[in-house]
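K.L.:
Chain by chain, the residues:
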Amino acid sequence: MAAVAGPTLDGAPPRGADAEGVSGARSRRIGNVILDVKNISLSFGGVKALTDISFDVREHEIRAIIGPNGAGKSSMLNCINGVYQPQQGTISFRGQAFSHMNSRQVAEMGVARTFQSLALFKGMNVIDNIMSGRNLKMKTNIFQQAIHFGAARREEVAHREFVERIIDFLEIQAYRKTPVGRLPYGLQKRVDLGRALAMEPQVLLLDEPMAGMNVEEKQDMCRFVLDVNDEFGTTIVLIEHDMGVVMDISDRVVVLDYGKKIGDGSPQDVRANPEVISAYLGTSH
Amino acid sequence: MLYRENGQFKTSYAADQQIFPIGQDKVVILALLAFAFVAVPFLASEYLFRAILIPFLILSLAALGLNILVGYCGQISLGTGGFMAVGAYAAYNFLVRVDGMPLIAAILLGGVCATAVGVLFGIPSLRIKGLYLAVATLAAQFFTDWAFLRIKWFTNNSSSGSVSVGDLTVFGWTVNTPAEKYLFCLGFVAVFALLAKNLVRSHIGREWMAIRDMDVAAAVIGIRPVYAKLTAFAVSSFFVGVAGALWGFVYLGSWEPAAFNIDRSFQLLFMVIIGGLGSIMGSFFGAAFIVILPIVLDNMPYWFGIPIDTALASHLTFMIFGSLIVFFLIAEPHGLARLWSVAKEKLRLWPFPH
Amino acid sequence: MGAFLETLIGGLMSGMLYSLVALGFVLIFKASGVFNFAQGAMVLFAALAMARFAEWIPKFTGLDSKVLANLLAFAVALMVMVAAAWVIERLVLGKLVNQEGITLLMATLGITYFLDGFGQTVFGSDIYKIDVGMPKEPIFLMESVFQGGVLINQEDMVAAVVAAALVGLLAAFFQYTGTGRALRAVADDHQAAQSIGIPLNRIWVIVWSVAGFVALVAGIIWGSKLGVQFSLSLVALKALPVVILGGLTSVPGAIIGGLIIGVGEKLSEVYVGPYFGGGIEIWFAYVLALIFLLVRPQGLYGEKIIDRV
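Residue numbers (this note's numbering), protein chains in the order written: chain A, 1 to 285; chain B, 1001 to 1354; chain C, 2001 to 2309.
Just to be clear, a hint being listed does not mean it is correct.
[Said to hold, decoys possible] In the DSS-like style, the derived pairs of lysine-lysine whose C-alpha atoms are separated by at most 30 Å in a straight line are: (1) K1010/B with K139/A; (2) K1344/B with K2095/C; (3) K1346/B with K1026/B; (4) K1197/B with K122/A; (5) K1346/B with K2095/C; (6) K1197/B with K177/A; (7) K1197/B with K137/A.
The hints are simulated quantities; they were obtained by calculation from the structure and are not laboratory data. The structure displayed is predicted, hence computed values, not measured ones.
Bound conformation, chain A alone (with noise of 0.2 Å):
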């Protein structure tokens, strides 16, 4: 796996370049339209979050959502994982329309996501924080649970061991009985992205994975969003600022600016779009 080039935006080849899977860096093939978002509106109160947005996601590929801040992002995937609910539009997974999105149907159908400020549940450890992110796999009841012996833990040991996995890929055992509120940002944010990682999601959406890390930090991160689409094929979104990150990784990107879609394209368009570079230089609405 090529190392990713730091924050500048050098002439170093995009991974975006053959977007069509052909490259060899790529293992699986780009397939059919997995999400489809389409006319989306949303406001609260009177503020108007998110104006008439459609935009697709592609089975396999490293979507890229991008924008300066208040552009109404993190609203947007708030909308795909059913916390808020759009006025207008539908959002399909699969060919399958819905206009209201319900948190636990989401999270059923595969679609696991990061927080931007880390909604991590402070008061258990690494590995219970992960392991909750298997709940939907969980199946026994609470009456085995309150025995214990027998179907109950078996199930906690073989969900352990799948966490565990998660927990190498992630290089954090050092870190597994730690209070999550005691570890540094950086942990954390890992921890973050294993919680998602434990739902075996089709669909992985990740709002600022790399907010708030050095250089090296980012690499790390960057490389385990590219093992995760590489090994196990899941599909990103992903919010970024960093934009040397965004055209290294990404497929494909859409740009978003105060509610509304001014771009949508592989890197080098929407890095060429005059209405992107004005928004990004701050030119009057």
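Fit chains B and C to the known structure of chain A by using the hints.
P.N.:
Below, chains B and C without anything else, positioned relative to chain A:
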């Protein structure tokens, strides 16, 4: 050097997930249980049973239940006294109205009724939290106060408003000496404590804690807040209901609704706060503390030779309770249980300071 | 019809009394985000202080005039409440800055117990009288319309007027003064308010002192009506449903909520109670609040609570 984990390596996940993974802990707990079951019945005086051990056991059970709701699931409840009352009166009705109802079955059925009521009054928690929920649970408390006072059917149309149970028999064995009552309660508490510990370390326990820590994130990973909160209310009320039945049958013998009033609810909440929210051991520490403190305060003046009249003693108790709550919340919000684990940490290093 | 009006008016009056206590809750919540469970204990403590000082001052100073003695007692009791506010801030609130709501709620529970015990230790635990010259004889209105007239308690009327005046004063204070604005900022976010230079500890002393003042007024009125005794602090528990109904952040809401609860209680007790064996007053207010919480958690006039992720 006594309390080292050296050489205690776990080779399976099951071993790592035990309740007492450190060998020394296991030994101590087994010794304690053996002492409690075998030695105490012969060593303790009648006063010790009546005034300290039996109320301690029953109130620990109730505190366990409340801790599951407040400490693990983060849903505050001020109606615990009411749920104890439901357990007590329901068990009473099953015992006197159904011929040949075994005692343990009546008590457990009392718990089941408390579960139903608990789930009902837990429904508001789906929409409201924090202090609003506290006020809603007060509705449960006052409603049950009224129901057991005014609805004659519950008290089997007793003219005095109070009910009493006769001799308690379990499988032909009569439970009437203090030592026997103690063993009866101890049996319940030991079983229930194990069930509670199993629940909180399974995935339902994690669901509860996830809801407590951040319910929006919990929903996003697929946890259903409705299921988690209502099961917390259900399990908690079951424990509290059984404790209520034991309180009425074993400790009091005969009681009126006032035995389960709002002061009881506050008392249990204090136990859980002082003992440690979100800790099984903490429930026991808190119960012990709250049971023993008034006795110490009542008797301390005599130890020092200064007589205090009972009214003043009870006021002082109030003041000390209040100050202790505030003290714990400031100094150690995780209660006595945290102090205990800090002490164990120090013990692991002993005799070295760090 | 006459009986109905009597019940209605009686309910309105007792509602006003609840509102007086509820005002203290709203004040503290509005200004510090703390739900002060101890408000009831404060009412009792203030009432005890007033009653005993009114007794002790004449004995100490040999004053003859009852009015003067009462005024002095009021002043001393107020100072005691301010001192209590200062102590509470230093020892409790100051150390719990920025903790979650539930921790602060439990802390006020602790303060409740402490105040209850302390008040009775210092001031005694008998039943005491407060006599501030409130008119005790009931008056009869509308004797021409209804036979015998409608009985109105003058004492309650005075209470209603006092409560209304207090509300107006407090509402204006919050809306139109700089301190009021600062208080609202503190209620929103302790740390943020601190970081822009709002002196948290001074603000809290001010707020709890004002709440203490409200508690004193409420204590005097209640104590004058019922006598000062321990059950006073239980009556104050009734004020919780009032603030739920009215909205925890609304001063006028406390009044409206109190009126609704007062009227609802009396009417339900008289007209619905007999079918249930009576005594439904003890839970009516709470069940009403419960239903409200399910339908409209922020109360009639409170602010909606939004959770962001």
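K.L.:
State for each hint whether it applies.
P.N.:
Comparing the hints with the structure gives:
Pair hint K1010/B plus K139/A holds up; C-alpha atoms about 26 Å apart against a cutoff of 30 Å. Proximity of K1344/B to K2095/C is assessed by CA-CA distance (about 27 Å); at most 30 Å being required, the pair is judged to hold. For a cut-off of 30 Å, the pair hint linking K1346/B to K1026/B stands: about 18 Å separates their Cα positions. Using a Cα cut-off of 30 Å, the hinted pair K1197/B and K122/A holds, with the two alpha carbons roughly 20 Å apart.
For the hint pairing K1346/B with K2095/C, the CA-to-CA distance comes to about 27 Å; that is within 30 Å, so the pair holds. This hinted pair checks out: K1197/B and K177/A have alpha carbons roughly 18 Å apart, not beyond 30 Å. For a cut-off of 30 Å, the pair hint linking K1197/B to K137/A stands: about 22 Å separates their Cα positions.
Every hint, counting from the list given before, is met by this structure.
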